Amino acid sequence: MIHHLCFLSSQNVSNPEQIDNLMIETRVRLLKIPEIMNLRVGKNISPNGSYFFFFSFDVDSIEKLELVKQSPYYYQFEKQILAPLSAIRTEYDFEMEPRSK
Numbered sequence: 177m178i179h180h181l182c183f184l185s186s187q188n189v190s191n192p193e194q195i196d197n198l199m200i201e202t203r204v205r206l207l208k209i210p211e212i213m214n215l216r217v218g219k220n221i222s223p224n225g226s227y228f229f230f231f232s233f234d235v236d237s238i239e240k241l242e243l244v245k246q247s248p249y250y251y252q253f254e255k256q257i258l259a260p261l262s263a264i265r266t267e268y269d270f271e272m273e274p275r276s277k
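Numbering (our numbering), first residue to last: 177 to 277.
Worth flagging that the hints you see were computed from the coordinates, not collected in a lab.
Bear in mind that the values here come from a model prediction, so they are computed numbers and not experimental data.
Hints are not guaranteed to be accurate.
[Claimed, not checked] Straight-line alpha carbon distances no greater than 30 Å define the calculated DSSO-like cross-link-like pairs of lysine-lysine that follow:
1) Lys255 / Lys245
2) Lys219 / Lys208
3) Lys245 / Lys219
4) Lys240 / Lys255
5) Lys240 / Lys208
6) Lys208 / Lys245
7) Lys255 / Lys208
8) Lys219 / Lys255
9) Lys219 / Lys240
[Unchecked claim] Computed Cβ-Cβ distance ranges for the label pairs, DEER-style:
10) Pro274 / Gln252: 26 to 36 Å
11) Val217 / Gln187: 18 to 28 Å
12) Asp196 / Pro274: 31 to 41 Å
13) Pro223 / Pro248: 31 to 41 Å
14) Arg216 / Ser237: 14 to 24 Å
15) Pro274 / Asn191: 13 to 23 Å
16) Glu273 / Pro192: 19 to 29 Å
17) Met177 / Asn224: 17 to 27 Å
18) Glu193 / Glu239: 36 to 46 Å
19) Gln194 / Glu239: 15 to 25 Å
Each residue gets a CB set at the ideal place from its N, CA and C atoms; glycine is no exception.
Let the hints inform the model, and build the full structure from the sequences given.
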């Protein structure tokens, strides 16, 4: 199981409604991708935080993560939703279970 985690930082976000819309759009668009499991979306409640928004999800394998990133839904999500709002995007991928030998 692979856990993908993405943090967004930006100076372009001007109001809380923008972030709320981002949360909704993230859920709507990413849940269209069948490989995505356990989608989590959230906004930072600390005014001094480095990141204003995060999303994370699980996929079965690294190969499935690549399928997600090559999906037209994910591509459209990156270009139409994330790109205009995020100046810095920090992503991490974690393996959740040890591999069998």
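query: So which hints don't hold here, by number, going up?
result: Result: hints 15, 16, 17 and 19 break, sorted rising.
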